[in-house]
Structure formats: C-alpha cells, structure tokens
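Chains A and B supply the protein sequences, listed in that same order. According to this note's numbering, the residues represented by the first sequence are 155 to 613, in order. According to this note's numbering, the residues represented by the second sequence are 50 to 296, in order.
Don't read these hints as lab results, they were simulated from the structure. Each residue gets a CB set at the ideal place from its N, CA and C atoms; glycine is no exception. Treat the hints loosely; a few may be bogus.
[What the hints assert, rightly or not] Lysine to aspartate or glutamate pairs mimicking EDC-like chemistry, simulated, CA-CA at most 20 Å apart: (1) B/Lys52 <-> B/Asp258; (2) A/Lys560 <-> B/Glu77; (3) B/Lys119 <-> A/Glu561; (4) B/Lys279 <-> B/Glu77.
[Said to hold, decoys possible] Reference listing, derived: stretches of chain B covered by chain A, where coverage requires no fewer than 3 residues with Cβ under 8 Å from a Cβ of chain A: (5) 96-109; (6) 129-142.
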Amino acid sequence: MNAIAENTLPHQAWLETWRERVVHPDAPTWLTELREFGWGRFEMFGFPNQRAEHWKYTRVSALETSVFAPADLSIDIATAQAQVEQLGLAAEDRIVLVNGVVRDELSQLPSVKGYVGSFADLLRNDPDRVRAFLGAIKRNHHVENPDRNNLRGEPFAALNSACAIDGAAVVLDPNAALEAPLHIVHMYTDAGSMPRNLFLLGQSAEAKVVEWQISLSDEPVFANAITEIGLGENAQLKHERVQNFNNQSWFIETVCTDIHKHARYFGNEYALGSKLARVDTLVDLKAPGSETHLNGMYLPFGTQHIDCHTRIRHQAADCISRQLYKGVADKRGRGVFNGRVEVARDAQRTDSEMQNRNILLSKFAEIDAKPELEIYADDVSCAHGSTIGQLDQTAMFYLRSRGLAKEQAEAILTWAFAAEVVETTDHDIVRSYLLDALAQRLPGGDKIRSLDSDLEAGE
Amino acid sequence: MLKIENLHASVGDKAILKGINLEVKPGEVHAIMGPNGSGKSTLSYVLAGRDGYEVTDGSVTYNGEDLIEKDADERACDGIYLAFQYPVEIPGVSNSYFLRAAVNAQRKHRGEDELDAMGFLKLAREKAKLLELPDNLMHRPVNVGFSGGEKKRNEIFHMAVLEPQLCLLDETDSGLDIDALKTVANGVNSLRSPDRAMIVVTHYQRLLDYIVPDQVHVLSGGKIVKSGDKDLAKQLEAEGYGDLVAA
Ligand SMILES: Nc1ncnc2c1ncn2[C@@H]1O[C@H](COP(=O)(O)OP(=O)(O)O)[C@@H](O)[C@H]1O
Ligand SMILES: [Mg+2]
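The following block holds chain A by itself, in its conformation from the complex:
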C-alpha cells in the first residue's frame, strides 16, 4: 500500500512531534477516535501531489521535506499586543490567537447568549455541543472510498483533525446577535500551527466576523486551518477573511459552511500574503431559500503562489449563490481560481452566478482559472464567466480622452479592478487595511490612495 511507502518520507519526523503533543489522557473517547481517524486518513493520503486534479497547479511537495514542528506557545505578548493595536483593533471585540491558541490577555470577548471564546475551552466544558459538528474530515471527503486523484483539502483537513488543539469558537443561541463585529486575529511567530474554528449560529442568529491571518515575524510558518460553520434556519453570517502572511509562509485553509433554510452566508476573502496559500471555501446550500455570496481578491506578487478553490453545492430548491473573484498577478506571481457550482437534481429554481476576472501585470505572471458547473436539475439559471487579460480598452480610452497618460490610466484601472472587491467589505478597518495594501503593491497605487484621502479630507 502507498501509505506504507510514504512512512519513510522525512515529513513523518516533524509530524510525530505533533502526535505527541495532542495526546491527552482525559480526552473523551470520541475525540481520540476522531484524531486517530485523522491520522489514519492523512497517512493514507499523504500531502497531495499534482496528479490530483485540484492540485494540478499548486505544488505542496516541499512540505514533505520541510520541518514545521508545533510552534512554541510561550510567546512575547507585547509584540502581539502591538500588532493588535497596529491593526486598529485595540477597541474592538476580538479573539486573539497566537500560534493557533487563544490568548485571553489579548482578547476582548463580547457577552452574548451562547459562547464566544476558545475552542479548547468549549471542547472541555461542553464536548457534546461540539461533537456533532466536527465533521470536516468525515463529510464529503472520500471517506469511504478515498480517491487520491480527486482530493481537495482532505489531507490537510485530516491532519488538522488529528492535531488541532484550539481555535476560535462562536456559538450563538437562537435569535442571539453579536452587536458589534467580532475580530478573530490569528497571529503566528514561526513553525507550525493548526487552528480550528467553529461557528454555529442558531435559528435567526446574526453575526459579523472578521478573521485576520497575520505573521508576527519574518520567520516561515506553516498554518493549516479549518473553519466549520453551521447556520440554522434564517441565520445570517457575514464572514470576512484577510490573509497577509509574510512571503516565507505556507497557509492552507478549509472553510466548510452548511446553510439551512433561508439562512445566508456572506464570505469575503482577501488573499494578499504568503509564499503559498491554498484555500478551499466549501458551501452547502442544504435547504430551500438559503443563500450565499462569496467575494474574493487574490494578489500573487513577486514569487507568491495563491490558490483559491470554491465549491458551492445547491442541494435544495430556490437557493441563491453569487461569486465574484478577482485576481491581479505581477512579477512571477502565480494565481489559481477554481470555482465549482453543483446543482443537485432536486435543486429546482437554483439561481447561481459566478464571475472570475483576472489581470496580469507582467508577462511572467500567471493565473489559471477554471470555473466548473455540474447541473442535474432542469429549471435553473446558472451564469458564469471568466476572463484573464488586459485592462478594458474602452475604459482606457475613456480615461485617456480626459488627458491621463497611458501609465496613469493603467494604474487607475488596475486600482479600480481590485478595489471593486474591497468595496464590498462591511468594515472601515478592513477597507482601509486593504487599500493600504493595494497602495503598496499596485503601480502608482500610493499616489491614488493618498490623493483620494486628500479629497475626502478636503470635504
């Protein structure tokens, strides 16, 4: 069997240190079993290789020869605190995690009917509440008949299930609402971390959550995160994710969302950083009237590699899905967008739209775009479009006909292209952080940003 051959690979050594860490004599049996199941599956899969369809463009084999033992948890709190302040979050409700573990001294938890805080605490105090939902590895994921060539994030989800010890948990009772946005700030010093988040919203509950994934140093990090989300009837979650690791780091994330009757999931993803990032956003529209809107922006610059995979499954009638993903690549940056929409036989009157647009700023940059539709119902409206290319020529002419030189017009249109996704955020803090990032990266962006705030100030 393959798995045995791979046991001899060097990655086993650092993985063993993970295994030792999570052994816990008091853990409930089901949890130990889940961890063992995760280990077993991960050993069987190994890290995915490029023969797997969904890893065709994204090579993670270097992880086999890298060493990412569990990160040290005794960290410098002052540095972390400074980062929280620099992000402008010092006065905001927040769960702050360093190397995947919640730090109470840095967090400010809202009071709400339900539970907001450390996933580990929730697991300790109320394991039965959690048990039913820890399914990321078990559901959908080729568990019965694993097909190594059809893997998405399963190997990493399995590894996370085996290794995770903490993460952020947001559990809202029916009709409960977070009054202010909740920021979940993941910061990393070095080495490996495997945070696990759980968001469960009861019937008609509402929340806005912003997740930050940020490096605290220039050291390389391997972060392998899972977020599991369940939205009860008529619940609403607005979930924004900002990823800005340093350019040495690996970031792998799986976000699984189950949406029940008339519930709504808004997911915004902004991928700025990392050496290699791979995110799988998986949304299941499980009951009639449920709805999801996903917006994404990925900016692979330099030698970065950023891979965004989405999969939306329409499993019931009268559901709505919208996707807008935009990529800008420069230098030797490499981007991947793979968006998949599946419409089940019973999912009549599905209303789905997927738009993917990309711009290459250098002839060495590359973006691979692959929208996929699989439709088994007959009464559906499914639109999708994908473009890779140059700036819109009519818009170029419009700007130049007002007197702007070619380079300036290009800079403005590139800015406009990326800013369209930024403008979908609900949060000024996020908006301003992202525009600052655009200002740093896009040609002429600093000028556009400063003049724009100039004019706002002139009011």
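Starting from the known structure of chain A, arrange chain B with the ligands on it as the hints suggest.
Okay, now just chain B with the ligands, sitting in the frame of chain A:
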C-alpha cells in the same frame, strides 16, 4: 480650428468613414445628424484618438497641426474633449479623484501648477452647481450606479471643469427627459464662447431646439450627404432621413 479633409477611417477590416470634409471655426457649433450606424460615433472616436480606429486616407488638422499622429491623452491636453455616448463605469475610483487627476494632467501639460484638493473642490463645486449635479455624485465611484441622465450630466460636468477648446458631444441627449435635457443644454450653452467650438452629434432634432447650431450636417454611409443651417434639422425632423439616406 478643425479641418477635416477627405477623411477615411476603418475599424479592423471594416471601412466606416468614406471621405468626410468639414471645417469648424472658433465659436461655431456644428450639428452632425444621421441614422443609427451612419458613423457618427466613429467620427467622434477618430477625432478623440481612440486606438483601433485607423485613418486610412485624408487628413485632420487641429490648430494648424496634424492631429492623427497624436495619442488620445495628448489631444485632450491640447483641448479636445469627447462627451461619451456611453460613459464608462469605474468602480473604486471616485469621480472627484478622476476629474482632479485629469485637470492636473492637463495643467501640467500646459506648464501650470497642479490644483490642490481645496482649489479643485472649489472649482468643481462651482461647475456642479451650474449643472444642478447632486453633490454626492462627485464622491461616488465614476458613473457606478448613476442613472442614464446622471451619466450624461456628469460628462458635461467634466467638460465644464476641463474647459476644452473643441467639444465633441456624442448623443448627449439620448436617454434624457425634457427637464434633464434643458439642464444639460443650459450647461452646454454656458460654455459657448468665441474661442470654443462644438460638434454636437445627435440622432434627433430635439436637442437642437436648445443648443442652436450654426451648421447642420447629415452623415450617411460614412459621408456627409447634406449640409445646411439650423433649418435643415427642422426639415429632417419633418421629412425623415429617407431620401438622403437612399441617395
Ligand atoms: N468596433 C467596431 N468594429 C466593427 N464595426 C464597427 C465598430 N464600431 C462601429 N462599427 C460599425 O460602423 C458603423 C458605424 O457605427 P457608429 O459610428 O457607432 O454609428 P452611429 O454612432 O452613427 O450610430 C456601424 O455599421 C457599426 O456596426
Ligand atoms: Mg453612436
């Protein structure tokens, strides 16, 4: 100011303009009328310098200089302005930012100092009032979510701020109700001056009741098939393009 002689132009392999002659002097307003597809927008684009619109024969001289070799932005800086038939939406870039960048690009070209935020806003507000432009349109992303009428008014607003010498208005009246049409026409009329010329492209005579032209030309099949004074527009309104187009 502008002299067009035997102008032939094509897009890709398609010949669209087939020998246009037209002379426009400072202070004049020329109307160009004609049925859909006759080449009115193409003529505007060729004059404004859109890439891909190739002049295959003839010449265009502007203030004594050959216009054809110049890029669109250079022409703009030299005082040519095109109000678009279909203004373009630019998300994420505020109208005021865009317009200020344009004003300053042109000022720089002329060797003048750039306007700072305060100076620009003062100028812009003055002109916005002229066109009864809602204040928030200045700060919204360019044309995004504007109504049809707001987009057209915004084009004239840009024109008022940029103060060009030669104004090309491509179907600025289409999609406007009568009140909006009057506002836009007032704005345009307030910009008429002895050293500024205008070419007003329109499908309908209606606009010309408010912006009264010195000359009217009928474009058909890429050629000017008839020219006359403002009464020609009235005649066309009454009789249609039928005979002229068949000719
Ligand atoms: N980009 C283009 N490629 C090919 N043909 C074009 C293009 N633009 C316009 N045309 C053709 O040229 C002719 C004139 O178009 P246009 O100048 O838009 O006319 P008008 O503005 O008078 O309605 C039409 O037959 C139109 O189909
Ligand atoms: Mg036209």
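Hint by hint, where does the structure go against what was stated? Just the numbers, ascending. 1 and 2
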